[in-house]
Amino acid sequence: MKILEINHIRKSFGALEVLNDISLSVEEGQVVSIIGPSGSGKSTLLRCATLLETMDGGDLIYLGKYAARDQDGKSVYASAKELKSIRSSFGLVFQNFNLFPHYSVLRNVSEAPTLIQKRPKEQVVAEARELLRKMGLSDKEDAYPYQLSGGQQQRVSIARALAMKPQILFFDEPTSALDPELTGEILRVIRDLAAEHMTMVIVTHEMSFARDVSDHVIFMDGGVIVEEGNPYNIINNPKQERTIQFLSRFN
Amino acid sequence: MKKFAALLIALTLVLSTAAMAETVTFKMGIDPEFPPFSYMGDSGEYEGYDVEMCKAVCDILGWEQEIVPINWDTKLVQLNANEVDCIWSGLTIDVLDPEAYTISMPYINNTQVVVVKADSGIASTADLAGKVVGVQLGTSADILISEGGDQAELGATFQEIVRTESYNVAFTELAAGSVDAVAMDSSIAATLIGDSTDYAVLDETLAAEEYGICFRKADEDMCLQVQRAFATLVEDGTYKSLAEKYGIDVASLCMLEEAA
Amino acid sequence: MTLTTMIQKMSEGLGNTLSIFFLTLLFSLPLGMIVALLRMCKVKPVRAATTAVISILRGTPLMLQLLAVTYGPFYLFGASVARNKLIPVVIAYSINYAAYFAEIYRAGIESMPVGQYEAAAVLGYGRAETFFRIILPQVIKRVVPPVTNEVITLVKDTSIAFAVAYQEMFTIGKQIANSQSSFTPFLIAGVFYFVFNALVAWIMARIEKKLDYYR
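Residue numbers (the numbering used here), protein chains in the order written: chain A, 1 to 251; chain B, 1001 to 1260; chain C, 2001 to 2215.
Be aware that a few hints might be false.
Claimed, not checked - Derived DEER-like restraints, expressed as beta-carbon distance ranges:
| # | chain 1 | residue 1 | chain 2 | residue 2 | range |
| --- | --- | --- | --- | --- | --- |
| 1 | C | Ile2034 | A | Glu82 | 28 to 38 Å |
| 2 | A | Ala195 | C | Ile2034 | 50 to 60 Å |
| 3 | C | Pro2113 | A | Gly39 | 16 to 26 Å |
| 4 | C | Ser2080 | B | Thr1205 | 40 to 50 Å |
| 5 | A | Gly73 | C | Lys2044 | 54 to 64 Å |
| 6 | B | Ile1060 | C | Arg2083 | 18 to 28 Å |
| 7 | C | Phe2077 | B | Asp1249 | 39 to 49 Å |
Claimed, not checked - The list that follows gives simulated cross-link-like pairs (lysine-lysine, DSSO-like), each with its CA atoms no further than 27 Å apart:
| # | chain 1 | residue 1 | chain 2 | residue 2 |
| --- | --- | --- | --- | --- |
| 8 | A | Lys74 | C | Lys2210 |
| 9 | A | Lys140 | A | Lys121 |
| 10 | A | Lys74 | A | Lys118 |
| 11 | C | Lys2085 | B | Lys1055 |
| 12 | C | Lys2210 | A | Lys140 |
| 13 | A | Lys84 | C | Lys2042 |
| 14 | A | Lys165 | A | Lys140 |
| 15 | A | Lys118 | A | Lys134 |
| 16 | A | Lys65 | A | Lys165 |
| 17 | B | Lys1217 | C | Lys2210 |
| 18 | B | Lys1027 | B | Lys1217 |
| 19 | C | Lys2042 | A | Lys81 |
Honestly, the hints are just simulated from the structure, not real lab data.
In this text, a Cβ means the ideal position worked out from N, Cα and C, and glycines have one as well.
One chain only, chain A, in its complex shape (with noise of 0.2 Å):
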């Protein structure tokens, strides 16, 4: 089942042309990787699909459902009500943790779940603390998140998120703010999270983790697709020059 397509995406910033028909879908279960050099579009592409950003050409849909349309090549959303049920269906990490600095850990974890999915709170309690207890912060339920490391931020992020219990889960560079000792824990929470076939879609820098966790890997440069396909083809044995360029940094 496809939970995500993205139909001929464009998106400018005045002049500067930032996407330039990108097209991807990603099929329940799949892990899919971005890379590409600083300003190649990738973040872009994932602020378009998560609606932090509106698109000014191209279909965005999740699990059949249009969030928007392509109409004589501009796109249209749908209505406010319509989009509110589409947000629940995906969830993002972003780059900088964005926690609630006023909300303890738990607290960061619950509230959406209870305030935005109305569901029952005890039963969202409980699986907060199970998620927590997943990221080894069980301890940390009652902390605020300036008490926290970066990578025990990070591992909250990720159980908000979950929280909400998504179909699919965006990363946004999920590791660039952390202290290298810290990117470990990170990758090793997203390896478990595939390992569990969650859905997922990662902007990241990490070459390597990118080919051992991704069924899928897109190499974007110029606000378009350059290379994409089998990780290890990827990214240890590249046809296009510009993919070979780049990949040739990280070695």
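Following the hints, position chains B and C against chain A.
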């Protein structure tokens, strides 16, 4: 039937007396910082010559006196805005426009005088040239020596006119030496100087003027009623005895001359 | 006049001073938030009008605004002036302080990182939910110190009500001073204001401490 008629008459009487008993409240606007005419007394209640005279007038007319302290800078605005029914507080009527207000007969002759320190060497208004003179902002003394006033030429010889927000501040400045003289109403000067020999009043006066009561233009009836009651108080001696009580120079009581 | 009578009379006025103080805070603190939101409104004419009003309120003396609110309606429409001066006083003070609070709130709101809005949006929070649950609590923490400054200024500004002859503590103190030719009422007033502000500072410090559970 007769009984019923009697009852009806009785009822009418009761009702009409009740209507009559509904007393008029007379809102007297005062400057609460103007001894001996209107000020806060030792008990914390407002008192003074004007306050007691007004009370006596209200007693005669069967009115209820309500004392409303006002801001002297905005007194005419407050009168026009119906906050008070009159301004009765050592008010100099000479500067008021008789076309715009109903103004009572004058009840006190006041002079504008200059107070100096006894040892200052200032003996006449001519000696004030190059000196610093204090006044209360917006008072008739201020109007007198400012541009356009009758004593503007004299005022122009001063080094500076310092306008304070009350007489007390002006007097404090005189005592402290930051002004050389203060121009003010003679009655106030007498109260402020009291028994002290440190101050002197110049023999030359700046102007002669009169105190009266100011009403809204439309309230001529009210003014006449007050004036009639006031005349009764002149006759029965209250006018004079209260002046003596508050240390006001009996010679300034202009209504005595007329009565005589 | 005995010292006891002076203090007693001025304490009576203190009741009026406290009325100005508390009622002004009650109305201006929330009103300031509404003004701040209008000031940041996406509709340009609304934003421009609010900006103009704020600059007038901050650019003219409170005493002038007080006189305008009290006597303006009478001069413009012949409307009668409120017998109870507390009403125009509280209206003028609330509007004036709302302008100052609005700018403080706006600075607080604009200093919030955009990531907070985005995190809330992705979790499905609506505009109101985002504002009241995520943004406002954090803004409140940030604005407590500048708001404290304004509140302390308000304590001292209550004395400006003398301009419309409202019988607050300092107005009565002035009357006693001029009737009795004494400086003592001003000393008493000074002590009153100082103690009042010490109390305000203590309460605001408590609030700040209470909000210190996160950073």
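Outcome of the hint check:
1. Checking the proposed 28 to 38 Å range against C/Ile2034 and A/Glu82 shows it holds: the Cβ atoms sit about 31 Å from each other.
2. Checked against the given bound of 50 to 60 Å, the beta carbons of A/Ala195 and C/Ile2034, roughly 52 Å apart, stay inside it.
3. Distance hint for C/Pro2113 and A/Gly39: a CB-CB separation of about 22 Å, consistent with the stated range 16 to 26 Å.
4. At about 41 Å, the beta-carbon gap between C/Ser2080 and B/Thr1205 stays in the expected band of 40 to 50 Å.
5. The hint said 54 to 64 Å for the Cβ distance between A/Gly73 and C/Lys2044, and at roughly 29 Å that hint is violated.
6. A hinted range of 18 to 28 Å for the beta carbons of B/Ile1060 and C/Arg2083 is consistent with their spacing of about 26 Å.
7. With their beta carbons about 46 Å apart, C/Phe2077 and B/Asp1249 fall inside the hinted range of 39 to 49 Å.
8. In summary, the hint linking A/Lys74 to C/Lys2210 is not supported, as the alpha carbons are separated by about 51 Å, beyond the 27 Å threshold.
9. Between the alpha carbons of A/Lys140 and A/Lys121 the distance comes to roughly 19 Å, so the proposed pair stays at or under 27 Å and holds.
10. Restraint check: the Cα-Cα separation between A/Lys74 and A/Lys118 comes to about 34 Å, which exceeds 27 Å; the hinted pair is violated.
11. Using a Cα cut-off of 27 Å, the hinted pair C/Lys2085 and B/Lys1055 holds, with the two alpha carbons roughly 24 Å apart.
12. Proximity of C/Lys2210 to A/Lys140 is assessed by CA-CA distance (about 21 Å); at most 27 Å being required, the pair is judged to hold.
13. For the given pair, A/Lys84 sits about 22 Å from C/Lys2042 by alpha-carbon distance, which is consistent with the 27 Å threshold.
14. At roughly 22 Å between alpha-carbon atoms, A/Lys165 and A/Lys140 fall within 27 Å of each other, so this suggested pair holds.
15. Between A/Lys118 and A/Lys134, the direct Cα distance comes to roughly 24 Å. Compliance with the 27 Å bound is thereby established for this hinted pair.
16. For the given pair, A/Lys65 sits about 18 Å from A/Lys165 by alpha-carbon distance, which is consistent with the 27 Å threshold.
17. In summary, the hint linking B/Lys1217 to C/Lys2210 is not supported, as the alpha carbons are separated by about 60 Å, beyond the 27 Å threshold.
18. Of the supplied pair hints, the one linking B/Lys1027 and B/Lys1217 holds, its CA atoms being roughly 16 Å apart against a limit of 27 Å.
19. For the hint pairing C/Lys2042 with A/Lys81, the CA-to-CA distance comes to about 22 Å; that is within 27 Å, so the pair holds.
The structure fails hints 5, 8, 10 and 17 (numbered hints given earlier, in ascending order).
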